[in-house]
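Q: For the record, the sequence lines run as chains A and B.
Going left to right, the first sequence walks through residues 1 to 270 as the numbering used here numbers them.
Going left to right, the second sequence walks through residues 271 to 381 as the numbering used here numbers them.
Hints in this document: simulated from the structure, not taken from any laboratory.
Note that this is a predicted model, so its numbers are computed, not measured.
Glycine is no exception: its CB is placed at the ideal position from the N, C-alpha and C atoms.
Check before you lean on any hint, since a few could be wrong.
[Said to hold, decoys possible] No more than 30 Å apart at the CA atoms, straight line, and that leaves these computed lysine-lysine pairs for BS3-like:
| # | chain 1 | residue 1 | chain 2 | residue 2 |
| --- | --- | --- | --- | --- |
| 1 | A | K99 | B | K378 |
| 2 | A | K99 | B | K362 |
| 3 | B | K362 | A | K77 |
[Stated by the list, open to error] Distance windows between CB atoms, simulated:
| # | chain 1 | residue 1 | chain 2 | residue 2 | range |
| --- | --- | --- | --- | --- | --- |
| 4 | B | S291 | A | N22 | 42 to 48 Å |
| 5 | A | K72 | B | N328 | 26 to 32 Å |
| 6 | B | N328 | A | K77 | 43 to 49 Å |
| 7 | A | E208 | B | V284 | 40 to 46 Å |
[Unchecked claim] So, partial list: chain A residues that the calculated Cβ filter (under 7 Å) puts toward chain B:
| # | residue |
| --- | --- |
| 8 | G25 |
| 9 | Y26 |
| 10 | A27 |
| 11 | E57 |
| 12 | I58 |
| 13 | E87 |
| 14 | V91 |
| 15 | L92 |
| 16 | G93 |
| 17 | L126 |
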Amino acid sequence: MKQFLSLRKNHNYKMNKTININLGGYAFTIDEDAFEAANHYLHTLTRHFGGSEGAVEIMQDIESRMGELVNKNKGSKVIVSKVDVLEAISVLGTPEELKDVDFSETQSGEKKTTTGSFQIKTGKRLYRDPDDKVIGGVCSGLASYFGIQDAVWVRVAFVLLSMAGGASAVIYAVLWAIVPPAKTVSERLEMMGEPTNVNNIARMVKEELEELGDKLQDTFNKKSHKHHHRQPPRGDDKDQMMTSGWSWDFKSHTPEKVESPAPYNHKDFV
Amino acid sequence: MKLDNMKAQMRKGVLEMCILSLLSVEAMYTSDIIERLRHSQLVVVEGTLYPLLTRLKNAGFLEYYWMESNYGPPRKYFKITQEGRTFLNGLKDSWTEINEAVSLTSQKPQL
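Extracted from the complex, chain B is given alone in its bound form (with noise of 0.2 Å):
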């Protein structure tokens, strides 16, 4: 069991979650989520999010439109779907829980 290793378990398991938090605000393009989770530390390279987030519009959480560029070729935005919101919210309940119960037990007893 490698500390590395564990570290990476974790911060998979709440990318998704991430994800789908900053698109429940607005509608963004890949790179401007990129931006913001690397902010956060959460993505080191940008090619680990393309199959997240194919994985996740297939599922029916996410749906995407093209959007016409100043600069080059249209690009592509993503939003969260009704459907998303409601997975969401199921794991930010779960978040809460996990946290709670890490805190709870991280604390020394109270005498």
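Only chain A is shown next, with the shape it has when bound in the complex (with noise of 0.2 Å):
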């Protein structure tokens, strides 16, 4: 049983495609993990920062600057990887650590509300597990979705039922049907109910490379290869590429709040 158990979890081992972006004027080819932490977290500051006074440019010139951070931290590298990221993160600050910055040109005054939490959402969604699943990870969505700590209950619970009726079947394949699989970081903390922060994505990043640091000490163990735990998920010759061409346009996404445009001067460009 347990040597099923292991064999399961190493055939979750997933692949990271890869997305061609423009982060602040650099081109990049960017794992999708790493991608969604990057957009999640332009995303987040720049919905800290709408409504103030110069938001678009303030903006602009964070994403030039995480541009250049995570040019440098990829190094000779061909793909970024999310490690580049979140270092790029940890310089720029989280949400979090820019909360108290004072951006708005009045001192006091109305305070903004976004200064309060940086979450996007908030609530929970119900998504299908697929790192803990039998047959579709329905019952370890359910499990995780409704706070029951071991989704065995939530198995057996359908097998009686189907045992007993026969309808829980039919309502599993319909389930499996209709709920969309967590894939990316965000949506696992959605499925779990945390919110959705840089902080919590920064956190749950660090132990999914932990994990894998782990696995790769088992399977290099006989050998007696030491690995460092902080490896990051890269199979860079394996790596699917999707050039989707894909780029993370700062304007398109900006709360509607913010419709001034850069106050642009014509000196600006002397």
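Could you fit the two chains together into a complex? Lean on the hints.
A: This is the structure in structure tokens:
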């Protein structure tokens, strides 16, 4: 049984897709999970600074600086990994670290509503858990949704119900079909009902990396190789290239509040 | 009243003066400004600086120009304006006053 479990766990290894993006004028090929982290970070900051004077300009500055930092962290690698993005975020500062920055012209006056919390979504959502599944991950998803510690009880309930009546197999199939799997880090946080903020994502990524490090250590223990725990999940040679040409366009993601264009003066460009 | 909070307030108070002082010597790229401020332990994370620079620019104390870079997209260089210099002098005067007041009050009375 134990062997089966570990086997199942190893089968969950996922390769990263890569995406082509334009971050602050730098062109990157970036891992999908790294992209998620960067995108979420910039969105959260946009909300944070939204409505303040010069928000567009501030975000442009931050985006180009982020591009520069990521480019530096990437070094000679071809593909940007999540670690590169997280390091850039730690230099720039998480929204929590930036929250007491006074960015408005008026010192007193109305407090911005955004200065409270930087959660994008707090609501729990029902997802299937692809990392903890027997068939489709429906039961583990339901367990997370209803806050049941061990998904085994949900599975037992489903099996018992199917023996008693038979409808639960149908229900399972329907749920399997209509409930989306939690693929990205932010989706997994939503599944567990944790607020998706940058700190949570960073913590989750760290956990994932440590888990991967443990796996690698298990694999290579026989050869008595010592592996670093923070080894990034790289599989560059196996990565599937997805040249979607996606680019993070700040303007299209600005909240409606920010309508005034950046106060560009002609002399700015001299 | 928390010590950390007080410290943050004091830092925030002098940060603008420090930025203007740095830029009164030469035009600088943002990350150079940050590097200098970090040496003096005034700035912990970079993100705090961008809103501040934008604010100072909008107030007319700073202006910027674009400079081509060999490594990537053009960089934004900030420099101080005449108005900014006047403002900085005002800040420096008041800083001197505060400094004197602090050293006067924290000295042990001479007998």
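Q: Determine for every hint whether it applies to the structure shown.
A: Hints versus structure:
For the hint pairing A:K99 with B:K378, the CA-to-CA distance comes to about 39 Å; that exceeds 30 Å, so the pair is violated. With a C-alpha separation of about 28 Å, the suggested pairing of A:K99 with B:K362 holds against the 30 Å cut-off. A distance of roughly 47 Å separates the Cα atoms of B:K362 and A:K77; the hinted pair therefore is violated under the 30 Å criterion. Between B:S291 and A:N22, the C-beta spacing of about 36 Å breaks the proposed range 42 to 48 Å.
Here the CB-CB span from A:K72 to B:N328 is close to 29 Å, well matched to the stated 26 to 32 Å. For B:N328 and A:K77, the hinted distance range of 43 to 49 Å is not satisfied, since their beta carbons lie about 39 Å from each other. Distance hint check: the CB atoms of A:E208 and B:V284 are about 41 Å apart, consistent with the given range 40 to 46 Å. Restraint check, A:G25 versus chain B: the minimum CB separation of about 3 Å is within 7 Å; hint holds.
Annotation: interface hint on A:Y26 holds; nearest CB of chain B at approximately 6 Å, less than 7 Å. Restraint check, A:A27 versus chain B: the minimum CB separation of about 10 Å is more than 7 Å; hint violated. Because the closest C-beta pair between A:E57 and chain B is about 5 Å apart, less than 7 Å, the hint holds. The criterion of a C-beta within 7 Å of any C-beta in chain B is met by A:I58, whose closest approach is roughly 5 Å, and the hint holds.
Hint status for A:E87: violated, given a least beta-carbon distance of 12 Å to chain B, over 7 Å. Here the hint on A:V91 is kept, as its CB sits about 6 Å from the closest CB of chain B, short of 7 Å. Proximity of A:L92 to chain B holds as hinted, the smallest CB-CB distance being about 5 Å (cut-off 7 Å). Of the supplied interface hints, the one on A:G93 holds, with its beta-carbon coming within about 3 Å of a beta-carbon of chain B, less than 7 Å.
With a least beta-carbon distance of about 34 Å to chain B, the hint placing A:L126 at the interface is violated under the 7 Å criterion.
Hint compliance for this structure: hints 1, 3, 4, 6, 10, 13, 17 are broken, all remaining hints hold.
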